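S.K.: Per the UniProt record's numbering, the sequence shown starts with residue 1, numbered consecutively.
If you are wondering where the hints come from, they were derived from the structure by calculation, not from laboratory data.
This structure is a prediction, so every number in the text was calculated from the model and none was measured.
Think of the CB as a built atom: it goes at the ideal place given N, C-alpha and C, for glycine as much as any other residue.
You may find that some hints are simply not true.
[Claimed, not checked] Listed next, with one range per pair, are the computed distances between beta-carbon atoms:
no., residue 1, residue 2, range
1, Tyr12, Lys77, 17 to 27 Å
2, His9, Val95, 34 to 44 Å
3, Leu30, Gln83, 18 to 28 Å
4, Glu33, Lys77, 18 to 28 Å
[Claimed, not checked] Computed list of lysine-lysine pairs in PhoX-like fashion (alpha-carbon distance at most 25 Å, straight line):
no., residue 1, residue 2
5, Lys87, Lys77
6, Lys77, Lys23
7, Lys47, Lys3
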Amino acid sequence: MDKTTRDKHRDYLLRCYHDNLSKTLDQFGLCQEHLLPFSVLENQLHKYSTFFIIISLLNIVHSLDDSEVEEKYIGDKLENIIQSVRKIQLRMNAVCRQRVFDVIEDFVERGYMDMSDSN
(Lines of atoms letter the chains of each structure in order from A and count residues from 1; the text may use other names and numbers.)
(Lines give C-alpha, C1' and ligand atoms only; values in the text may rest on other atoms or scores of the structure.)
Protein backbone atom coordinates (compact mmCIF):
# COMPACT_ATOMS: atom_id res chain seq x y z
CA MET A 1 0.00 0.00 0.00
CA ASP A 2 1.45 3.35 -0.99
CA LYS A 3 2.09 6.14 1.52
CA THR A 4 -0.71 8.38 0.25
CA THR A 5 -3.27 5.61 0.78
CA ARG A 6 -1.83 4.74 4.19
CA ASP A 7 -1.93 8.38 5.27
CA LYS A 8 -5.47 8.86 4.02
CA HIS A 9 -6.90 5.67 5.56
CA ARG A 10 -4.63 5.00 8.56
CA ASP A 11 -7.17 5.84 11.24
CA TYR A 12 -9.92 3.89 9.47
CA LEU A 13 -7.66 0.84 9.03
CA LEU A 14 -6.56 0.98 12.66
CA ARG A 15 -10.22 1.16 13.74
CA CYS A 16 -11.03 -1.84 11.49
CA TYR A 17 -8.17 -3.79 13.07
CA HIS A 18 -9.37 -2.92 16.56
CA ASP A 19 -13.02 -3.69 15.73
CA ASN A 20 -12.09 -7.11 14.32
CA LEU A 21 -9.91 -7.84 17.32
CA SER A 22 -12.83 -6.88 19.55
CA LYS A 23 -15.19 -9.24 17.71
CA THR A 24 -12.71 -12.08 18.03
CA LEU A 25 -12.27 -11.46 21.75
CA ASP A 26 -16.07 -11.32 22.14
CA GLN A 27 -16.33 -14.75 20.49
CA PHE A 28 -14.18 -16.10 23.31
CA GLY A 29 -16.28 -14.36 25.94
CA LEU A 30 -13.66 -11.71 26.65
CA CYS A 31 -14.43 -8.03 27.02
CA GLN A 32 -12.02 -6.08 24.84
CA GLU A 33 -12.88 -2.82 26.57
CA HIS A 34 -11.18 -4.24 29.66
CA LEU A 35 -8.34 -5.94 27.77
CA LEU A 36 -7.49 -3.44 25.04
CA PRO A 37 -9.56 -0.30 24.63
CA PHE A 38 -8.71 1.73 21.53
CA SER A 39 -6.90 4.37 23.60
CA VAL A 40 -4.59 1.68 25.01
CA LEU A 41 -3.90 0.37 21.51
CA GLU A 42 -2.86 3.86 20.42
CA ASN A 43 -0.64 4.25 23.49
CA GLN A 44 0.99 0.87 22.85
CA LEU A 45 1.67 1.79 19.23
CA HIS A 46 3.63 4.74 20.56
CA LYS A 47 5.29 2.81 23.41
CA TYR A 48 6.49 -0.08 21.23
CA SER A 49 7.22 1.98 18.12
CA THR A 50 10.95 1.21 18.18
CA PHE A 51 10.17 -2.50 17.94
CA PHE A 52 7.57 -1.88 15.22
CA ILE A 53 9.93 0.13 13.06
CA ILE A 54 12.66 -2.52 13.29
CA ILE A 55 10.24 -5.31 12.36
CA SER A 56 8.66 -3.19 9.61
CA LEU A 57 12.00 -2.37 8.03
CA LEU A 58 13.23 -5.96 8.16
CA ASN A 59 9.99 -7.21 6.63
CA ILE A 60 10.04 -4.60 3.87
CA VAL A 61 13.64 -5.31 2.96
CA HIS A 62 13.01 -9.06 2.79
CA SER A 63 9.59 -8.98 1.16
CA LEU A 64 10.55 -6.50 -1.58
CA ASP A 65 13.84 -8.21 -2.39
CA ASP A 66 13.34 -9.30 -5.99
CA SER A 67 16.71 -10.98 -6.25
CA GLU A 68 16.91 -14.62 -7.23
CA VAL A 69 19.76 -15.10 -4.77
CA GLU A 70 18.69 -17.15 -1.78
CA GLU A 71 20.24 -16.04 1.47
CA LYS A 72 21.89 -18.74 3.52
CA TYR A 73 22.00 -18.11 7.24
CA ILE A 74 24.82 -19.58 9.22
CA GLY A 75 23.64 -19.89 12.79
CA ASP A 76 21.74 -17.26 14.68
CA LYS A 77 24.56 -15.02 15.82
CA LEU A 78 23.89 -11.30 15.59
CA GLU A 79 26.88 -10.80 13.28
CA ASN A 80 25.42 -13.29 10.77
CA ILE A 81 22.02 -11.61 10.82
CA ILE A 82 23.56 -8.16 10.32
CA GLN A 83 25.76 -9.46 7.49
CA SER A 84 22.69 -10.93 5.76
CA VAL A 85 20.73 -7.66 6.06
CA ARG A 86 23.71 -5.73 4.66
CA LYS A 87 23.85 -8.03 1.61
CA ILE A 88 20.16 -7.48 0.97
CA GLN A 89 20.53 -3.73 1.51
CA LEU A 90 23.02 -3.58 -1.34
CA ARG A 91 20.44 -5.21 -3.64
CA MET A 92 17.47 -3.01 -2.62
CA ASN A 93 15.49 -1.77 -5.60
CA ALA A 94 13.95 1.71 -5.87
CA VAL A 95 10.53 0.53 -4.62
CA CYS A 96 12.10 -1.00 -1.52
CA ARG A 97 14.20 2.10 -0.78
CA GLN A 98 11.08 4.29 -1.12
CA ARG A 99 9.08 2.06 1.26
CA VAL A 100 11.89 2.17 3.83
CA PHE A 101 11.93 5.97 3.56
CA ASP A 102 8.11 6.09 3.84
CA VAL A 103 8.08 3.96 7.00
CA ILE A 104 10.68 6.13 8.69
CA GLU A 105 8.81 9.27 7.62
CA ASP A 106 5.53 7.83 9.02
CA PHE A 107 7.14 7.11 12.36
CA VAL A 108 8.58 10.62 12.60
CA GLU A 109 5.32 12.29 11.49
CA ARG A 110 3.30 10.30 14.04
CA GLY A 111 5.67 11.29 16.82
CA TYR A 112 6.84 7.72 17.36
CA MET A 113 10.43 8.84 16.82
CA ASP A 114 11.60 12.16 18.20
CA MET A 115 13.99 13.65 15.66
CA SER A 116 14.22 17.04 17.35
CA ASP A 117 17.56 18.38 18.49
CA SER A 118 17.56 17.99 22.28
CA ASN A 119 20.55 20.28 22.81
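S.K.: Would you mind marking each hint as holding or not holding in the structure?
M.R.: Right, here's what the structure says about each hint:
no.	hint	in the structure
1	Tyr12 - Lys77: 17 to 27 Å	42 Å, violated
2	His9 - Val95: 34 to 44 Å	20 Å, violated
3	Leu30 - Gln83: 18 to 28 Å	43 Å, violated
4	Glu33 - Lys77: 18 to 28 Å	44 Å, violated
5	Lys87 - Lys77	16 Å, holds
6	Lys77 - Lys23	40 Å, violated
7	Lys47 - Lys3	22 Å, holds
Against the hints set out earlier in the document, violations occur for numbers 1, 2, 3, 4, 6.
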